[in-house]
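Please arrange chain B on chain A, whose structure you already have, making use of the hints.
Residue numbers (this note's numbering), protein chains in the order written: chain A, 1 to 319; chain B, 1 to 310.
Calculated directly from the structure, the hints in this document are not laboratory data.
There are no misleading hints in this set.
A few chain A residues facing chain B, derived, Cβ under 8 Å:
#	residue
1	Ile18
2	Leu250
3	Val281
4	Gly288
If the Cβ cut is set under 10 Å, some of the chain B residues that face chain A in the computed set are:
#	residue
5	Pro155
6	Val158
7	Ala243
8	Gly262
9	Pro276
10	Thr290
11	Phe293
With beta-carbon atoms standing in for the labels, derived distance ranges:
#	chain 1	residue 1	chain 2	residue 2	range
12	A	Tyr41	B	Val55	52 to 62 Å
13	A	Tyr207	B	Leu256	52 to 62 Å
14	B	Leu133	A	Pro173	49 to 59 Å
15	B	Thr57	A	Pro86	46 to 56 Å
Predicted model only: the values in this text are computed from it and were never measured.
A virtual CB, placed ideally from N, CA and C, is assigned to each residue, including glycine.
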Amino acid sequence: MGKYILRRFWQSIITVLIVLFVMFMLLRLMPKENYFTRDDYINMTEEDRTAYLRNLGVLDNPLVQFVRFLRGFVTGDLGRSITVYPKTPISEILKEKIPYSLWFGLVSVLLSVILGFLMGIGMANNKDKLGDQLGTMYVVAVRAIPSLVYLFLIQMWITHLFNLPMVFYEDEPASWILPAISLSLSGIAWYAIWLRRFMVDEENKDYIKFAIAKGLPRNYIMKRHVLRNALVPLVQYLPSQILLTIAGSLIIESIYSIPGMGGLLVYAIRQQDNTLVQALVCIYSILGVFGVFLGDILMAIVDPRIKLTSAKIEREVTA
Amino acid sequence: MKQVPVLGPELFVPAKAQAGEEEQIGYEHYSYWRSTFRTFLKNPVSLVLLAIIIVLTLASFLYPVFSKTDPNKVALDVERWNLSPSQGGGIFGTDQLGRDIWARTWYGTRTSLLLGFIIALLDVGIGMFAGALWGYVKKLDRIMTEIYNILTNIPQPVLLLLLSYILRPGFWTIIIALCSTGWIGIARFVRNKVLMIRDSEYNIASRTLGTPLWRIITKNILPYLVSILIMEAALTIPYSIGAEVFLGFIGLGLPLDTVSLGNLVNMGKNNFMLYPYQLTWPTLVLALVTVSFYIAGNKFADASDPRNHV
Numbered sequence: 001m002g003k004y005i006l007r008r009f010w011q012s013i014i015t016v017l018i019v020l021f022v023m024f025m026l027l028r029l030m031p032k033e034n035y036f037t038r039d040d041y042i043n044m045t046e047e048d049r050t051a052y053l054r055n056l057g058v059l060d061n062p063l064v065q066f067v068r069f070l071r072g073f074v075t076g077d078l079g080r081s082i083t084v085y086p087k088t089p090i091s092e093i094l095k096e097k098i099p100y101s102l103w104f105g106l107v108s109v110l111l112s113v114i115l116g117f118l119m120g121i122g123m124a125n126n127k128d129k130l131g132d133q134l135g136t137m138y139v140v141a142v143r144a145i146p147s148l149v150y151l152f153l154i155q156m157w158i159t160h161l162f163n164l165p166m167v168f169y170e171d172e173p174a175s176w177i178l179p180a181i182s183l184s185l186s187g188i189a190w191y192a193i194w195l196r197r198f199m200v201d202e203e204n205k206d207y208i209k210f211a212i213a214k215g216l217p218r219n220y221i222m223k224r225h226v227l228r229n230a231l232v233p234l235v236q237y238l239p240s241q242i243l244l245t246i247a248g249s250l251i252i253e254s255i256y257s258i259p260g261m262g263g264l265l266v267y268a269i270r271q272q273d274n275t276l277v278q279a280l281v282c283i284y285s286i287l288g289v290f291g292v293f294l295g296d297i298l299m300a301i302v303d304p305r306i307k308l309t310s311a312k313i314e315r316e317v318t319a
Numbered sequence: 001m002k003q004v005p006v007l008g009p010e011l012f013v014p015a016k017a018q019a020g021e022e023e024q025i026g027y028e029h030y031s032y033w034r035s036t037f038r039t040f041l042k043n044p045v046s047l048v049l050l051a052i053i054i055v056l057t058l059a060s061f062l063y064p065v066f067s068k069t070d071p072n073k074v075a076l077d078v079e080r081w082n083l084s085p086s087q088g089g090g091i092f093g094t095d096q097l098g099r100d101i102w103a104r105t106w107y108g109t110r111t112s113l114l115l116g117f118i119i120a121l122l123d124v125g126i127g128m129f130a131g132a133l134w135g136y137v138k139k140l141d142r143i144m145t146e147i148y149n150i151l152t153n154i155p156q157p158v159l160l161l162l163l164s165y166i167l168r169p170g171f172w173t174i175i176i177a178l179c180s181t182g183w184i185g186i187a188r189f190v191r192n193k194v195l196m197i198r199d200s201e202y203n204i205a206s207r208t209l210g211t212p213l214w215r216i217i218t219k220n221i222l223p224y225l226v227s228i229l230i231m232e233a234a235l236t237i238p239y240s241i242g243a244e245v246f247l248g249f250i251g252l253g254l255p256l257d258t259v260s261l262g263n264l265v266n267m268g269k270n271n272f273m274l275y276p277y278q279l280t281w282p283t284l285v286l287a288l289v290t291v292s293f294y295i296a297g298n299k300f301a302d303a304s305d306p307r308n309h310v
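Extracted from the complex, chain A is given alone in its bound form:
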């Protein structure tokens, strides 16, 4: 086990390095003007601009820049924002914004796991009956209709219906309810539909038929065999979901005006803030890679049948 973890760990480190390198080089393609605030660019002379860029280090060899960027990344120095929050260290911006996204995200992961599991189990137990069909309708609606549309309608109608606040206020818990629920809707659908499918698959296996023939009670079979086996492939995705809550939700944070991480990348892109884009993209990619790494390990712990010698896990969920 230790050997497997170590090997997967090194693999992840290499993937992270490749990802960071590719991202970093892609961002070198952006125009140099993006390193100035608008006022600075207008007020500076051509020599000033060159001196400023040289001082920033963006005129150096890209490889040298990359090494410097990595060194800064490890020590927690992410550079300074340029246009979004002029001259503010990016680490300070993150410190302020992450808690909002993290709390909403964690609550929504918890909600979607609990409700999604209950819904999936209910659907599998009532296969092809009314409950199952209603559940399927919910899943289809959430997955097929663009989320912006139904999230916006929820905000408009539900706030009106229950007289809830339209936007987020830090000191008013009533305004926290809808964002948290909206955030879990797609997660609930995801867990429900896959759990239902895996449970139905599992129920059709020979050993379950044998267990029924042996006279074991249905409840016992469902709990001890069907559910346990059906959960294994889903567990794999939990770590990355939890880690990526830091990134926040773009649509929800924007329509409820939550000052979290969700909109930050988009603002940075719209304002052409090169260093902020770079830092955010790299952080999210690292979280993504390590989420997958933790997921693989969790999966190996939960399912003893998985061979630790091969990194490939054949039973897959496609989102």
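Positioned in the frame of chain A, the structure of chain B alone reads:
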């Protein structure tokens, strides 16, 4: 006493494999595709959805032929702005500049469908080709697996945003951004299937009987893949349309003068408080398109499974 014949080569006739002969028994009345479509069309839900898809597609592509209404024509008369259908603003009303929303909805549906079709075609085409190579050529496995790890480990929205940032917002940018990640999932799937099917018993048997390679590919392997690929294509379409709406929302979508469902929905959203019909109608059409493709794709996947054939 009977004479015992001496065994010699002249007593044996070599059996030559003839194309098609090995499949003479029990095969004549079964056609995979006929069965798939029969199962698919037997279900009333699929039939209705298919009809909706065909009607919507035809309507959106033929609308410009039959109607002279210009979706970009701005009304200079303020009286013509923000008219709801009941106030005489046309079938779906007019928007904040007096443009006809009915016409815009059809033009928008056409743009969004075109986007979805192109992305689906590219994703499936590239994915199938790369996946087949990935499965057959052992040397490629390492590199492809690494590419797969990189592309799937990065959160999708981040990659989408980054590409929209580096490239200029526009129709082909959205296509490039969505395809750059979409193909790898399909390729991975095709690779797993190819690896699984290539050396399974019935294929070994087929090879032993002298079936030529192209026949193995078209008759033994392709049917397994094509149904899945059609489903993937059908599901890529609603995803792409949704992605365009999302990108429009954050301001990285199609330029505002392009008529697309994403732009219509986003504009309708901004005016929702005062003129709710501006969001409702385009959204209903959008939901009809995406839900139809989504369910039809899933139904087709069920129908294409030979176990569901009677």
